[in-house]
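Student: Respectively, the protein sequence lines represent chains A and B.
Numbering of the first sequence is given in the numbering used here, commencing with residue 1 and proceeding in unit increments.
Numbering of the second sequence is given in the numbering used here, commencing with residue 1 and proceeding in unit increments.
The set of hints was computed from the structure by calculation and includes no laboratory data.
Treat the hints with caution; some may be incorrect.
Computed far set for chain A versus chain B, every beta-carbon distance over 10 Å [said to hold, decoys possible]:
no. : residue
1   : S3
2   : Q9
3   : F17
4   : K61
5   : S62
6   : I66
7   : I67
8   : L70
9   : A72
10  : S74
11  : A75
12  : I79
13  : V80
14  : F83
15  : A90
16  : D91
If the Cβ cut is set under 7 Å, some of the chain B residues that face chain A in the computed set are [stated by the list, open to error]:
no. : residue
17  : A51
18  : L55
19  : S88
Source: prediction; values computed, not measured.
Glycine included, C-beta positions come from ideal geometry on N, C-alpha and C.
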Amino acid sequence: MSSENIKQQVQGQMRIFAAVMALAIGSGVASMISDAPLILLVMAVATIQGALILAYLMHVKSEAAIIQSLLAFSAFFLIVLFFLTQLGLADPIEGTKSLAQPAVASDTTVDEEH
Amino acid sequence: MDIEIPYTVKPRPDTGLYNGKLGTDLLNVPLATFNTVVLISSSMTMVMAWASLKLDDFGKYRKFIGATAALGVLFLLVKSYEYYDKFSHEHYPSTSTFYAIYFTITGLHVLHLLAGVLVCVYHGIFGGRMWKTEPERFTNRIEVTGLYWHFVDLVWLVVFPVLYLT
């Protein structure tokens with residue numbers, strides 16, 4: 001690999017780092033200023049950051065197809081896991097209270113120790 | 001059957017604990033965002049260390065691998081402060097399920113980062129010998145160390161939103 005190639009590769013990687021850093025700061029600031037639950041948004045951002053690091057910094061982009069397929073297989077089940085938790089929220093057990101809902105007048109429903 | 005899960009969004013007068021909110025309120029988000037920037041910066045210096053070896057500049061390599069280790073130590077110091085802050089408010093892993101998960105996951109990440117810092121320090125101090133005799137092999141070692149470092153960075157990028165931003 002020539003010096004010019006190495007410098008080009010490093011420049012490309014620095015751009016990836018800049019994107020990952022901007023996304024991380026954006027996620028942090030958004031969570032600080034927003035009262036709304038941002039779990040899906042911040043996890044989507046984290047997935048993009050992870051994909052960038054895997055593809056360009058850990059060289060998965062230039063790996064053999066079998067390695068990429070295995071990782072895609074893992075990624076699929078990870079995404080399924082994310083949505084399982086969302087399905088759980090969409091189908092609550094009757095009588096339970098959601099933590100995301102505002103508290104009742106007294107702000108507390110304490111029957112026993114944690 | 002009516003199932004009631006007890007919760008409170010304000011600290012209970014008897015225990016001072018609450019479980020109505022998650023990471024955004026329990027943890028220090030600005031500090032964790034700063035730590036994320038530190039860790040991403042350390043990955044950048046790690047790439048520069050590898051590139052310096054590829055360009056036959058061992059002096060620059062030493063500076064960049066030293067910067068990587070220093071940024072890793074800075075991350076650990078900030079994390080120590082976070083732990084100190086939690087312990088001084090009597091928030092321990094036994095306090096709640098959330099804190100148990102928080103301390104376990106961040107503690108494991110800290111151990112991995114500590115191992116990475118030690119490897120960087122080792123390669124920074126003792127790397128010169130191998131560089132003189134087997135430069136290609138030494139460069140490969142730094143590349144593999146870099147892969148490990150990026151992996152630790154990647155894990156933090158997922159831990160950060162899962163624990164702090166929800």
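Student: Work down the list of hints and note, for each, if the structure agrees.
Tutor: For each hint, the structure was consulted:
| no. | hint | result |
| --- | --- | --- |
| 1 | S3 | 6 Å, violated |
| 2 | Q9 | 8 Å, violated |
| 3 | F17 | 5 Å, violated |
| 4 | K61 | 13 Å, holds |
| 5 | S62 | 13 Å, holds |
| 6 | I66 | 19 Å, holds |
| 7 | I67 | 13 Å, holds |
| 8 | L70 | 16 Å, holds |
| 9 | A72 | 16 Å, holds |
| 10 | S74 | 13 Å, holds |
| 11 | A75 | 12 Å, holds |
| 12 | I79 | 13 Å, holds |
| 13 | V80 | 16 Å, holds |
| 14 | F83 | 15 Å, holds |
| 15 | A90 | 17 Å, holds |
| 16 | D91 | 14 Å, holds |
| 17 | A51 | 5 Å, holds |
| 18 | L55 | 6 Å, holds |
| 19 | S88 | 20 Å, violated |
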